[in-house]
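Peer 1: Listed below, chain by chain, are the residues.
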Amino acid sequence: MKFIILTCVSLLFVSCSSLETQESKGTFALKNILNIIPDKSDEESVLLALGPADVVMPIPNSDSTAWIFKDKRTGHQRLSLVFNSEKKVHSVLWLVRQGEPEINIANSKNYFPHATFEEKDAPWENPHAAPNERLYTDHEKGISITVRKSRQEVESISWHSLNSQSTHRQPAVKFEL
Amino acid sequence: MKIFIHLVLLITPLFATSANCPLGEYSVKSHNRRAYVRADGTFVNATVVSSHCRKQRESDNYWHDKFEISRPSDWPHKQEILKSWTVEEKERVLDAICELPDSIWKNSKYKLYRMKKSKDGKNPATSANGILVLYDTAFTQKNVLSRVIAHEFAHEVYGNLKSSDAQDYHFATNWFEVNTNGKRLRLARKDGFVADDGRVSPEEDFANNLEFFLFDDKSLKSKTLNAYKWIADHFGDNLNLRKCNK
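Top line first, the protein sequences correspond to chains Y and H.
My numbering puts the first sequence at residues 1 to 177.
My numbering puts the second sequence at residues 1 to 246.
So here's chain Y without its partners, still in its complex pose:
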């Protein structure tokens, strides 16, 4: 009898936790995504929580893989995860949608009450145009929020492992205008 009760309770627990974490078709919520912890969460736990990614692609010049999740309504990218060669999450990037409270920088910062953000413009990478981005970064905690300067809107919220990956951005082959 004890075994049956224990089994039922276990099944109920698994079912509930699955319901709590499994995101319904593309309608992700940031509060749930924040449970994805770099270096701890792995492919299996992400698959359980979010289901399969819409796009899986290798990160150029690295052993990492990107999982892209789209908003099912619009098809726009909503979330990306980078997994290291050990299939652990290296980084999480959440794209904010128009009309969400997180589009306001103060609201986005509130998700990280213990963070200390350094604020600065994104560095020039394109040789002939300045980036339209203001970065709010807590280097110690590996958190960054990107604001679209011209509109004062948060574009993305991301957090990453403090163990660096060997990925780096590739410049264009040549400059053209």
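Keep in mind the hints are simulated off the structure, nothing from the lab.
From a predicted model like this one, the values you see are computed outputs, not experimental measurements.
Don't be surprised by glycine CBs; every beta carbon is placed ideally from N, CA and C.
Be a bit skeptical, because a hint or two may be false.
[To be verified] Between beta-carbon pairs, the in silico distance windows are:
# : chain 1 : residue 1 : chain 2 : residue 2 : range
1 : Y       : Asp121    : H       : Cys53     : 42 to 52 Å
2 : H       : Leu239    : Y       : Glu125    : 26 to 36 Å
3 : Y       : Asn110    : H       : Trp75     : 34 to 44 Å
4 : Y       : Gly99     : H       : Ser103    : 20 to 30 Å
5 : Y       : Asp121    : H       : Lys122    : 35 to 45 Å
6 : H       : Lys111    : Y       : Lys40     : 46 to 56 Å
7 : Y       : Asp39     : H       : Ile81     : 23 to 33 Å
8 : H       : Asp165    : Y       : Asn107    : 14 to 24 Å
[Said to hold, decoys possible] Here are the computed lysine-lysine pairs in the DSS-like style, where the Cα-Cα straight-line distance is at most 25 Å:
#  : chain 1 : residue 1 : chain 2 : residue 2
9  : H       : Lys78     : Y       : Lys120
10 : Y       : Lys88     : H       : Lys221
11 : Y       : Lys149    : H       : Lys221
12 : Y       : Lys109    : H       : Lys183
13 : H       : Lys78     : Y       : Lys72
14 : H       : Lys162    : Y       : Lys70
15 : Y       : Lys149    : H       : Lys109
16 : Y       : Lys31     : H       : Lys162
17 : H       : Lys243    : Y       : Lys72
18 : H       : Lys190    : Y       : Lys70
19 : H       : Lys78     : Y       : Lys149
20 : H       : Lys221    : Y       : Lys120
21 : Y       : Lys149    : H       : Lys66
22 : Y       : Lys72     : H       : Lys109
23 : Y       : Lys70     : H       : Lys243
24 : Y       : Lys149    : H       : Lys183
25 : Y       : Lys40     : H       : Lys183
26 : Y       : Lys120    : H       : Lys183
27 : H       : Lys162    : Y       : Lys120
28 : Y       : Lys109    : H       : Lys162
29 : H       : Lys183    : Y       : Lys141
30 : Y       : Lys120    : H       : Lys119
31 : Y       : Lys149    : H       : Lys106
32 : H       : Lys109    : Y       : Lys120
33 : H       : Lys183    : Y       : Lys31
34 : Y       : Lys149    : H       : Lys111
35 : H       : Lys221    : H       : Lys243
36 : Y       : Lys87     : H       : Lys111
With chain Y fixed as given, assemble chain H onto it according to the hints.
Peer 2: Chain H only, in chain Y's frame:
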């Protein structure tokens, strides 16, 4: 007598101020104009332009006082040397902007700066927040000035897109974004770029595509039909070059 004629020729342009021109016109001092190419591909010969009054177009009204003569205080490229605008260059810029659809410049916050040479060699222009710098190469025959300026306006247009529109452009043109080591990394589509530097970022890709939409739509359609369609849908029928000949 000769001295007198020279003196008159020298002084005359100085008196050709807007006060001498009818309402709605402004004065243009005499100047040497180099040969150049209009937006529609028409070659314009070099000539000496005598001082005259010129009708002030809508774009002139907007841009006439945007020519800056001092260096932008926060310009990061210290090695780039500031130059003064010549009458010829100002006229060329005003003509070039007039040829562009007003939807890409009407909300512009750019001020116009003139510098000698880009730190990136032949680069004809650089833009940053509220700053558009044109270099010597922008005024050579090799570059169509209106095209150069259109590209820089396109950067600003991209910056002013609503987040949802920017994300929609990324969706249409197959851009993804990830975070690696705290930096945003844009993952570009494998091919379909009208210019190779479009791989750098969705913004550069957008600027190239908008430029090609205006100046070489055949190439854009053949290389990135999705970008062509997106721009056409987003801007409607108002995105056409204009004739702005004198």
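Peer 1: Of all the hints numbered above, which does this structure not satisfy? Sort the numbers upward.
Peer 2: Per hint list: 5, 7, 10, 11, 13, 17, 20, 22, 23, 36 violated.
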